[in-house]
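Number of protein chains: 2
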Amino acid sequence: MMEAAAEIPGYTYGSEGLQRSPVSDDDLELLKQTVLFGEDDERYLRMAGDVLRDQVEDVLDVWYGFVAAHPHLVRYFAGPDGAPIDAYLARVRARFGQWIRDLCERPWDRAWLDYQEEIALRHTPAKKNKTDEADAPDRIPLRYVIAFVYPITATVREFLARKGHSEQEVDAMHQAWFKAVTLSVALWSRPYADDGW
Amino acid sequence: MMEAAAEIPGYTYGSEGLQRSPVSDDDLELLKQTVLFGEDDERYLRMAGDVLRDQVEDVLDVWYGFVAAHPHLVRYFAGPDGAPIDAYLARVRARFGQWIRDLCERPWDRAWLDYQEEIALRHTPAKKNKTDEADAPDRIPLRYVIAFVYPITATVREFLARKGHSEQEVDAMHQAWFKAVTLSVALWSRPYADDGW
Numbered sequence: 001m002m003e004a005a006a007e008i009p010g011y012t013y014g015s016e017g018l019q020r021s022p023v024s025d026d027d028l029e030l031l032k033q034t035v036l037f038g039e040d041d042e043r044y045l046r047m048a049g050d051v052l053r054d055q056v057e058d059v060l061d062v063w064y065g066f067v068a069a070h071p072h073l074v075r076y077f078a079g080p081d082g083a084p085i086d087a088y089l090a091r092v093r094a095r096f097g098q099w100i101r102d103l104c105e106r107p108w109d110r111a112w113l114d115y116q117e118e119i120a121l122r123h124t125p126a127k128k129n130k131t132d133e134a135d136a137p138d139r140i141p142l143r144y145v146i147a148f149v150y151p152i153t154a155t156v157r158e159f160l161a162r163k164g165h166s167e168q169e170v171d172a173m174h175q176a177w178f179k180a181v182t183l184s185v186a187l188w189s190r191p192y193a194d195d196g197w
Numbered sequence: 001m002m003e004a005a006a007e008i009p010g011y012t013y014g015s016e017g018l019q020r021s022p023v024s025d026d027d028l029e030l031l032k033q034t035v036l037f038g039e040d041d042e043r044y045l046r047m048a049g050d051v052l053r054d055q056v057e058d059v060l061d062v063w064y065g066f067v068a069a070h071p072h073l074v075r076y077f078a079g080p081d082g083a084p085i086d087a088y089l090a091r092v093r094a095r096f097g098q099w100i101r102d103l104c105e106r107p108w109d110r111a112w113l114d115y116q117e118e119i120a121l122r123h124t125p126a127k128k129n130k131t132d133e134a135d136a137p138d139r140i141p142l143r144y145v146i147a148f149v150y151p152i153t154a155t156v157r158e159f160l161a162r163k164g165h166s167e168q169e170v171d172a173m174h175q176a177w178f179k180a181v182t183l184s185v186a187l188w189s190r191p192y193a194d195d196g197w
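Listed in order, the protein sequences are those of chains S and W.
The opening position of the first sequence corresponds to residue 1 in this note's numbering, with each subsequent residue numbered one higher.
The opening position of the second sequence corresponds to residue 1 in this note's numbering, with each subsequent residue numbered one higher.
You may find that some hints are simply not true.
Selected chain W positions facing chain S (in silico; Cβ < 10 Å) [to be verified]:
1) L30
2) L31
3) L36
4) G38
5) L142
6) F178
7) K179
8) Y192
9) D194
Computed cross-link-like contacts, DSSO-like style, restricted to lysine-lysine with a CA-CA straight-line distance of at most 30 Å [as the list claims (entries may be wrong)]:
10) S:K163 x S:K32
11) W:K32 x W:K128
12) W:K32 x S:K127
13) W:K32 x W:K127
14) S:K32 x W:K128
15) S:K32 x W:K127
16) S:K128 x W:K32
17) W:K32 x S:K32
Don't read these hints as lab results, they were simulated from the structure.
Every residue, glycine too, gets a C-beta built ideally from N, C-alpha and C.
Take the sequences, apply the hints, and build the full model.
Structure, rendered in structure tokens:
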């Protein structure tokens, strides 16, 4: 995984140059409690990672199809002429796929928190477009980052069900995924809200 | 419903004195598209309203039990001495119950949008505590508003299943509820983010 990840353009997980996340260990622990994320969820999220690992491109096809079908979403990956920037979409796509793997497989430690902060900043004027030198709008509105909790959660269930797990296991993996996505979005909202976070 | 609602302290739905929501009809339509909220969801959300109507106090018992069990949440309803303010909690509870009914039963029109803005502001220094003259912290951090998508969604399913509907109907009601809650939180995030919204 690490070798593959190192080849993803703009993927800087664990890099020395990253800003440190201002989110404390206590903040993270309390967020986990708020989304009811416990030890069982950790286990089922790992299971989800195993299940999704060789389906990541199919999941991305669904998500990218959804974005491409909605002009109000694809515009954040388009240039001043309104045309989607293929190279930008492709680079973001590779990192989005790696995000699935990281969310399921990585420990949620300081390195993970630092990279959530980096992802957050890349949705805002502080860092959007810069990694990819793209001439697209300078932010993704917070409302869409939050609204994405629904499609990113709902569309994954069918993929979790494709490897012969029991209904109970699929449900448990799906709930762990829903909690993990909600917690991620809560972390990504930080730079939008400053002292309101 | 309207007569009962009029007796809820601080419930000002449809009042002339409310600030108007800056969210446009187009903004709302695009948010609905982003959470995949369609005509079937409208119908199933109405059905959920029928199912939940006489269970609202039971739902609130679960949600209040969750908040009460977590000091990092109940503190936003506590005074400077750290003790929960019972009168404040009771007043908020009555409006929280009415929010369930409104979300399921009201048309999502300008009056509804204006009241979502009012609810949003009541989570921030602009309006928190003022309606209830409570001496509690002056905001609910955005991260917890977002994180609540999970418990507010997950805990409702068992109540949706209690009125003899088919598994398919319960699932459809639950998905409509999940979408509606996510969209509500996206609206409530507006005052936290200003031009990042």
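Hints violated by the structure (numbers, ascending): 4
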